[in-house]
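Novice: Sequence:
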Amino acid sequence: MTKSMTGYGKGEAVSERGRFTVEIRSVNHRYGEVSVRMPRGFLSLEQEVKRSVTNVLKRGKIDVTVQWEEITGEAAMPQADAALAQGYAALFRDLSASLGLSAEVPLALVIAQKGVLRENATAIDEAEFLPQLIAAVQAAVGTIDAMRRREGEALAADLMARRTQVAEWAEQVGGRAPQVVAEYRQKLKLRLDQLLEGVEMDAARLAQEVALMADRCDVTEELVRLSSHFAQFDETMRLSEPVGRKLDFLMQEMNREVNTIGSKSSDAEMTTLVIRIKAEMEKMREQVQNVE
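According to this note's numbering, the residues represented by the sequence shown are 2 to 293, in order.
Because the hints were derived from the structure by calculation, they are not lab data. Treat the hints with caution; some may be incorrect.
[What the hints assert, rightly or not] Think about it this way: if two alpha-carbon atoms lie no more than 25 Å apart in a straight line, the pair counts; the simulated DMTMM-like pairs of lysine to aspartate or glutamate are:
#	residue 1	residue 2
1	Lys-11	Glu-105
2	Lys-279	Glu-254
3	Lys-279	Asp-235
4	Lys-247	Glu-169
5	Lys-11	Glu-49
6	Lys-51	Asp-64
[To be verified] Derived DEER-like restraints, expressed as beta-carbon distance ranges:
#	residue 1	residue 2	range
7	Arg-246	Ser-45	30 to 40 Å
8	Pro-79	Asp-126	19 to 29 Å
9	Gln-68	Glu-236	40 to 50 Å
10	Glu-13	Gln-114	37 to 47 Å
Using N, Cα and C, we set each Cβ at its ideal position, and we do this for glycine too.
Using the sequences plus the hints, can you model the full thing?
Specialist: Below, the structure is given as structure tokens:
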């Protein structure tokens, strides 16, 4: 199953205590990289979240955002540090007196000082919330995985269509190669006839020149290897595991064979076919970068 590396998923899990909302976004990346943002009180569960994500999503830059909303119980009221507030008030009064000011110290100024008001947060038992958190993560993973599968199907269809077109052009190159040698022989013989003007031609020398040219332009090995790469490409596309890296390697090997064919080509028609193949393979390479 070919999957894309880009996608988005969202999942929720609700209990009597509250609601976890998890959002996952992923984009292309050479490896699998997971980053998690979550409330401070649940940071000890970060590795469990990553493990649930990487069990399904193998490659890509994956960003996970966890939100927690408490929906039951009384709201935790902030507490005031009276001693610290009195200390600030006394400090401000003394400072006012030393400056010759008579203004009263406003309560708002005292409250604004660091540490005077603090949240009365209820202690959280992370282990108690783990099943609910993982349920939300798995729901989000399922959503993004489904999206990556759908996009992967579209990628696979596009890649196979382009691979078929490249194979057709490669077959035309193989059919054209013998004709190039025959046409070269005819052109060489005609040129020699014009130059020798009736003098008997050395048939062995002509055959030798044609053989040398045929050897320089022979692309049989490259076409055989290219055909083998096509078969491996098709086999890889049918695998159920992540195939992006293997496809990327195969594209490099295919491109190497096509470049060699192009360097050996001395025929305009073959050169045109090679250009078409390289352009199409570049589009394939770009698509493969999206495959998990």
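Novice: Range hint 19 to 29 Å: satisfied by the CB atoms of Pro-79 and Asp-126?
Specialist: holds, 22 Å
Novice: Next pair to validate is Lys-11 with Glu-105; report whether the Cα-Cα distance is within 25 Å.
Specialist: violated, 53 Å
Novice: Hey, Lys-51 versus Asp-64, does the alpha-carbon distance stay inside 25 Å?
Specialist: holds, 10 Å
Novice: Quick one: are Arg-246 and Ser-45 within 30 to 40 Å, going by C-beta?
Specialist: Cβ of Arg-246 to Cβ of Ser-45: about 33 Å, so the range 30 to 40 Å holds.
Novice: Need the status of pair Lys-247, Glu-169: alpha-carbon distance at most 25 Å?
Specialist: Holds. Lys-247 to Glu-169 sits at ~23 Å (cutoff 25 Å).
Novice: Could you grab the alpha-carbon distance between Lys-11 and Glu-49 and see if it respects the 25 Å cut-off?
Specialist: The hint holds at about 18 Å.
Novice: For the pair Gln-68 and Glu-236, does the Cβ-Cβ distance stay inside 40 to 50 Å?
Specialist: holds, 43 Å
Novice: Is it true that Glu-13 and Gln-114 lie within 37 to 47 Å of each other by Cβ?
Specialist: For Gln-114 against Glu-13, whose Cβ atoms are near 39 Å apart, the range 37 to 47 Å holds.
Novice: Would you check the hint for Lys-279 and Glu-254, treating anything up to 25 Å between C-alpha atoms as holding?
Specialist: holds, 12 Å
Novice: Are the Cα positions of Lys-279 and Asp-235 separated by 25 Å at most?
Specialist: Given pair Lys-279, Asp-235 holds - Cα atoms ~19 Å apart, limit 25 Å.
Going down the numbered hints, you'll see the structure goes against just number 1.
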